[in-house]
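S.K.: What follows is the residue order along each chain.
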Amino acid sequence: MARLVVMGGGVSGHTAATFARDMLGEDHEVVVVTPNSQWNWIPSNIWVGVGGMTKEEVVFPLAPVYEKAGIDYRQAKAVSIHPEGKEDAETPYITIEYTDEAKSGETEELTYDYLINATGPKLNFGATPGLGEGTNLGEHTVSVCTADHAEHANHELEACIEKMRNGERQAFLIGTGHGMCTCQGAAFEYIFNIEHTLKEQGVRDMADITFITNESFLGDFGMGGIHFKMGGFATSSKVFAESLYAERGMDWILGAHVNKVEAGKVTYESLDGEMDEQEFDFAMLIPPFAGVGLKAFTKDGTDITDTIFAPNGFMKVDANYNAGAYENWKASDWPRTLQNPSYKNVFAVGIAFAPPHIISKPMSSPNGTPINPTPPRTGMPSAMMGKAVALSVVDMMKGKSTEPTHTASMSEMGAACVASAGKGLFSGTAAAMTVYPIIPDFEKYPGTGRDLNGTTGELGLAAHWVKHILHHIFIWKAKLKPGWTLIPE
Amino acid sequence: MASKHVNHIEPYSPQFGTMIPMGGQKFMRTCVLWQIVRFVAINIRMTILILKSHH
Numbered sequence: 001m002a003r004l005v006v007m008g009g010g011v012s013g014h015t016a017a018t019f020a021r022d023m024l025g026e027d028h029e030v031v032v033v034t035p036n037s038q039w040n041w042i043p044s045n046i047w048v049g050v051g052g053m054t055k056e057e058v059v060f061p062l063a064p065v066y067e068k069a070g071i072d073y074r075q076a077k078a079v080s081i082h083p084e085g086k087e088d089a090e091t092p093y094i095t096i097e098y099t100d101e102a103k104s105g106e107t108e109e110l111t112y113d114y115l116i117n118a119t120g121p122k123l124n125f126g127a128t129p130g131l132g133e134g135t136n137l138g139e140h141t142v143s144v145c146t147a148d149h150a151e152h153a154n155h156e157l158e159a160c161i162e163k164m165r166n167g168e169r170q171a172f173l174i175g176t177g178h179g180m181c182t183c184q185g186a187a188f189e190y191i192f193n194i195e196h197t198l199k200e201q202g203v204r205d206m207a208d209i210t211f212i213t214n215e216s217f218l219g220d221f222g223m224g225g226i227h228f229k230m231g232g233f234a235t236s237s238k239v240f241a242e243s244l245y246a247e248r249g250m251d252w253i254l255g256a257h258v259n260k261v262e263a264g265k266v267t268y269e270s271l272d273g274e275m276d277e278q279e280f281d282f283a284m285l286i287p288p289f290a291g292v293g294l295k296a297f298t299k300d301g302t303d304i305t306d307t308i309f310a311p312n313g314f315m316k317v318d319a320n321y322n323a324g325a326y327e328n329w330k331a332s333d334w335p336r337t338l339q340n341p342s343y344k345n346v347f348a349v350g351i352a353f354a355p356p357h358i359i360s361k362p363m364s365s366p367n368g369t370p371i372n373p374t375p376p377r378t379g380m381p382s383a384m385m386g387k388a389v390a391l392s393v394v395d396m397m398k399g400k401s402t403e404p405t406h407t408a409s410m411s412e413m414g415a416a417c418v419a420s421a422g423k424g425l426f427s428g429t430a431a432a433m434t435v436y437p438i439i440p441d442f443e444k445y446p447g448t449g450r451d452l453n454g455t456t457g458e459l460g461l462a463a464h465w466v467k468h469i470l471h472h473i474f475i476w477k478a479k480l481k482p483g484w485t486l487i488p489e
Numbered sequence: 490m491a492s493k494h495v496n497h498i499e500p501y502s503p504q505f506g507t508m509i510p511m512g513g514q515k516f517m518r519t520c521v522l523w524q525i526v527r528f529v530a531i532n533i534r535m536t537i538l539i540l541k542s543h544h
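Chains as they are written, first to last, in this note's numbering: chain A, 1 to 489; chain B, 490 to 544.
By construction, these hints were calculated from the structure, which means they are not laboratory data. This structure is a prediction, so every number in the text was calculated from the model and none was measured. Please note: incorrect hints may appear among the correct ones.
Below, simulated EDC-like cross-link-like pairs (lysine to aspartate or glutamate); rule was C-alpha separation at most 20 Å, straight line [to be verified]:
(1) B:LYS541 / A:ASP451
(2) A:LYS163 / A:ASP208
(3) A:LYS265 / A:GLU168
(4) A:LYS398 / A:ASP27
(5) A:LYS77 / A:ASP100
(6) A:LYS299 / A:GLU108
(7) B:LYS541 / A:ASP441
(8) B:LYS541 / A:GLU443
(9) B:LYS515 / A:GLU200
(10) A:LYS400 / A:GLU26
(11) A:LYS361 / A:ASP272
(12) A:LYS398 / A:ASP22
(13) A:LYS400 / A:ASP113
(14) B:LYS515 / A:GLU247
(15) A:LYS86 / A:ASP303
Sequences are here, hints too, so could you generate the full structure?
M.R.: Below, the structure written as structure tokens:
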């Protein structure tokens with residue numbers, strides 16, 4: 001019997017663990033280590049953040065699902081990896097620290113034969129003074145990164161709406177809280193939900209809404225922008241995104257590194273090096289992401305964290321980390337098997353793997369401050385990586401292969417993004433975007449770098465319905481209800 | 490003559506440099522019959538995308 005340990009129970013980790021469990025049978029063991037007691041369908045946090053859904057509608061407890069599936073669930077956080085074991089025992093292991101009430105603070109060594117790192121991001125609020133402390137959200141802004149944050153955001157929004165009803169004008173600031181943020185899509189979707197909600201509540205004319213972003217142009221989305229096949233044109237996502245903001249009378253601030261947050265005010269540095277301020281009554285600013293801070297040691301206790309992990313804390317995999325300058329970047333720099341080059345029984349998926357470089361063109365202010373989006377790798381790509389690595393590990397555990405048998409390169413996969421505003425079936429609106437491949441490949445697709453037949457964008461009720469359906473089918477799938485394996489990632 | 494579907498856009502503002510949807514476009518976005526067609530189209534498109542993405 002061999003043991004697979006999956007660190008993390010988010011989209012990629014849950015996908016990897018459940019597919020591995022389904023395919024391994026009773027001969028092998030699957031263990032999930034995650035500090036969370038609940039699974040969260042994160043895309044729907046946006047609706048929680050405007051009161052369109054309750055927190056309970058976007059989360060469910062993990063323990064009963066894992067018990068039913070036969071997965072050994074440890075509510076704990078992974079602390080360190082020991083891929084060579086220890087001096088008197090060569091079996092590799094990780095150390096974990098329990099987070100559940102009964103065993104809180106207790107530590108344990110957990111051996112593994114195969115390890116999947118799906119630890120996701122550390123929400124690094126502490127990177128921007130005033131945005132928060134460490135991983136904790138500060139008092140001046142709100143967030144939609146977790147269901148609890150989104151619930152809090154809605155309470156703050158309700159208070160603002162009440163003030164507007166009483167004749168007090170309110171300034172809304174939505175966007176990124178640091179120059180190196182990713183996940184612009186979440187801020188993009190949230191600002192449209194805010195605008196839609198204010199309109200529904202009859203107070204839109206009392207609100208000034210501004211988007212602040214580290215993107216150098218609207219619609220970069222951390223993917224260097226996209227060209228959509230639209231109306232007989234290959235239309236830039238810049239035009240697509242600007243049109244959405246202009247139609248709704250919303251302003252935008254580009255190329256901004258928010259470097260300080262105070263009560264009712266952010267200070268930011270622009271790409272031109274200027275320092276400026278923006279006042280707000282309500283601000284939702286996405287924090288930058290970092291690795292969760294795992295350490296790694298050899299059997300004699302030598303710290304090899306720098307060997308296993310990139311400086312940003314994400315795990316190194318089979319990517320080309322020596323691609324050099326932007327002009328030399330290629331789609332083939334991106335990892336395919338997601339296997340760690342030093343330890344072949346260790347993999348990293350989702351946000352936990354270290355990208356070879358960013359996707360957008362690197363930019364910095366004259367002061368040397370880097371201001372550019374970092375690569376998005378949440379949602380659909382995360383789940384696809386989780387499944388591909390699970391399939392590889394299953395084949396390796398069953399002795400069918402000594403090498404990974406499946407790949408999930410972001411340069412060979414597409415992504416779908418549906419940004420939806422409103423909750424009503426006929427009153428909502430949404431933008432549905434598909435992009436293929438995620439990483440532009442100018443050798444394969446000269447011109448825009450992407451397949452225009454697979455890269456599209458459109459607005460309308462239909463996309464809104466798609467978003468509703470995705471919410472229900474992905475929660476159905478995550479709960480392992482009948483037919484869950486047939487639902488694609 | 491001003492279009493009833495387009496609000497005032499300040500010349501040379503950032504918003505002035507993009508496209509603004511007019512009545513026909515807005516109507517089609519919420520026309521249920523057309524959106525049912527688009528719903529089917531989006532689902533087909535996403536299915537193809539998923540099939541192309543698995544290796």
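S.K.: Could you tell me which of the numbered hints above are not met by this structure, giving the numbers in increasing order?
M.R.: When the structure is compared with the hints, none of them turns out to be violated.
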